[in-house]
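**Q** Once you've looked at the hints, dock chains U and F against the given chain B.
Chains as they are written, first to last, in my numbering: chain B, 1 to 218; chain U, 1 to 218; chain F, 1 to 218.
In case anyone wonders, no lab produced these hints; they're calculated from the structure.
Zero decoy hints are in this set.
Since the list gives no way to pick one copy over another, a pair counts as held whenever it fits inside one copy or between any two copies.
Straight-line Cα separation of at most 20 angstroms, EDC-like style, residue types lysine to aspartate or glutamate; simulated pairs:
1. Lys-35 x Glu-98
2. Lys-35 x Glu-95
3. Lys-35 x Asp-158
4. Lys-35 x Glu-151
Spelled out, the chains give:
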Amino acid sequence: MSSSAPWLLGHLQLAAEATATVAFALSGVIEGARKRLDAVGICVVGGLAAFGGGTLRDVLMDRRPLFWVEHPGWLWGTLALCILAMLFMRSRHLEPTERAMQWPDAVGLGLFTASGTQIALDAGMPGIVAVLFGMVTAVFGGVLRDIVCNEIPRAFSDHRPYAICSFLGGWALVAAHTSHWPQWLAILLAAGLASGLRTAAILLDWRLPAWRAAAPRD
Amino acid sequence: MSSSAPWLLGHLQLAAEATATVAFALSGVIEGARKRLDAVGICVVGGLAAFGGGTLRDVLMDRRPLFWVEHPGWLWGTLALCILAMLFMRSRHLEPTERAMQWPDAVGLGLFTASGTQIALDAGMPGIVAVLFGMVTAVFGGVLRDIVCNEIPRAFSDHRPYAICSFLGGWALVAAHTSHWPQWLAILLAAGLASGLRTAAILLDWRLPAWRAAAPRD
Amino acid sequence: MSSSAPWLLGHLQLAAEATATVAFALSGVIEGARKRLDAVGICVVGGLAAFGGGTLRDVLMDRRPLFWVEHPGWLWGTLALCILAMLFMRSRHLEPTERAMQWPDAVGLGLFTASGTQIALDAGMPGIVAVLFGMVTAVFGGVLRDIVCNEIPRAFSDHRPYAICSFLGGWALVAAHTSHWPQWLAILLAAGLASGLRTAAILLDWRLPAWRAAAPRD
Chain B
1 MSSSAPWLLG HLQLAAEATA TVAFALSGVI EGARKRLDAV GICVVGGLAA
51 FGGGTLRDVL MDRRPLFWVE HPGWLWGTLA LCILAMLFMR SRHLEPTERA
101 MQWPDAVGLG LFTASGTQIA LDAGMPGIVA VLFGMVTAVF GGVLRDIVCN
151 EIPRAFSDHR PYAICSFLGG WALVAAHTSH WPQWLAILLA AGLASGLRTA
201 AILLDWRLPA WRAAAPRD
Chain U
1 MSSSAPWLLG HLQLAAEATA TVAFALSGVI EGARKRLDAV GICVVGGLAA
51 FGGGTLRDVL MDRRPLFWVE HPGWLWGTLA LCILAMLFMR SRHLEPTERA
101 MQWPDAVGLG LFTASGTQIA LDAGMPGIVA VLFGMVTAVF GGVLRDIVCN
151 EIPRAFSDHR PYAICSFLGG WALVAAHTSH WPQWLAILLA AGLASGLRTA
201 AILLDWRLPA WRAAAPRD
Chain F
1 MSSSAPWLLG HLQLAAEATA TVAFALSGVI EGARKRLDAV GICVVGGLAA
51 FGGGTLRDVL MDRRPLFWVE HPGWLWGTLA LCILAMLFMR SRHLEPTERA
101 MQWPDAVGLG LFTASGTQIA LDAGMPGIVA VLFGMVTAVF GGVLRDIVCN
151 EIPRAFSDHR PYAICSFLGG WALVAAHTSH WPQWLAILLA AGLASGLRTA
201 AILLDWRLPA WRAAAPRD
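Looking at chain B on its own, in the form it has when it is part of the complex (with noise of 0.2 angstroms):
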């Protein structure tokens, strides 16, 4: 098993990053729809939530080429993806597709936290750095998704466990990787624990504490 077990996961993780990539994309095109955008806004929107995060650790890191310069493929998928859920998607769809694309938004922020929080590992980042990056990677397509729909982002305002599922699972990737497991375990640990946790927080409705000291204001 231990030499077919990182084949076979090289071609789970294709299929779960393009479904993953699928679900980010979705939540900007439906985010986009929401806000009234035309065509080319809810594309872009889309491809910002698909692509931003990365693209965002890939500046801060200073590493080129970006993930999509060197496989604009994926530029290609997500294009044709918005353009088809602009003609067949009706608002009655907006909601339903939300909530079924919360499953493999789950799905997308344990691999990209995973991916983002070995990348930095492998640079030779120290424990905290790392985990911020799986962060960056995870979190912050939605997050300029939201900024540039002129929202408050989601991820820090919703008061369900988002992020937080990141950082653990960031900090699982650490830890593994400290006690030197093979890395295909110590990733496919990362990203089950930040999935897991935020499957739990859905299924449970988890909040996260709101701070008494913000009540009395506005």
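**A** Relative to chain B, chains U and F alone:
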């Protein structure tokens, strides 16, 4: 002609770039005035509208030195322009100035599209990536201006063809480049197409289709 | 004195930097609390306010490693500060804390202006570019904080001198650098000028002129 054309075009291009930069900077000044920014904010937003797109492209492509680091005279010029606009522009000037600036803005859209796309092609990037960098160059100065002014970017929400003109102009350049046209002719074609489409869109009041999916919400 | 002054200044500078970073981070915590962000959002906005300006400068200048990658202890300290602030700060503390933080914030404005300008001068950049990078270092942490919190950046809209103090302090450093003053003296002059102007602006309630052009709109 084949030898003097590039020389003449070089001078024409400089004049067109200066005109376009004035239009972009003034769009920032006007937007800042509407949002009641103070003098510092207006200069920052003017500069962001003028140089933000090219700077974002250079950061994403990891090109240095940045344009305005290499040619700081453009910073001085833009600063002087913003201060002069604040001294001499009155509230009754805002709307007529904005209307008058549509035409140099259309010139800038074409020119910055062509230069951004060409730079990416020269760096060996695939077609869709080059077109994307052309759009970033031409459109994201205005996007950053609107984000700082706490508005949904106009380029994505006013249902007027803007980024799409840049998109089509960029593809024209990629096609001409692939067909081994002389570079100055390819740039002229792309800039002319993007600027021409934008001009036609203004004159003929073209609209991007609204997306019905968004209709019943909010 | 000429030999011990730099050593003493080095220690004073570290203390001043820590104080200023606390003030910047707390400005993010307070803004996040007002916007009712959750605990994760408050920590992110606190960190962005503290480190965003220097990070943006380093990305624009293509300097690596980033400050907080090289010294991750500052990340831990900021995280601890944000959590402590959330545990112990109550709503009645928000306004007094914000007022108290004006003074260390003024120290930070001067210090970050001087360090950002000096770094750009060391890289051989022309005066206006160096001054601009000093302003980015000192001011854009707060700008990013306000953008994520969906506000027009306060530095551009509250008609109080803030960025302009940084601008003038930066030029003082450029002038001293050109006159071949010892570096520590030039930095002390620039930081003192920017901090002093800001302090005077608060104490004497200085205002930036409003632009009459904007008056009749909205």
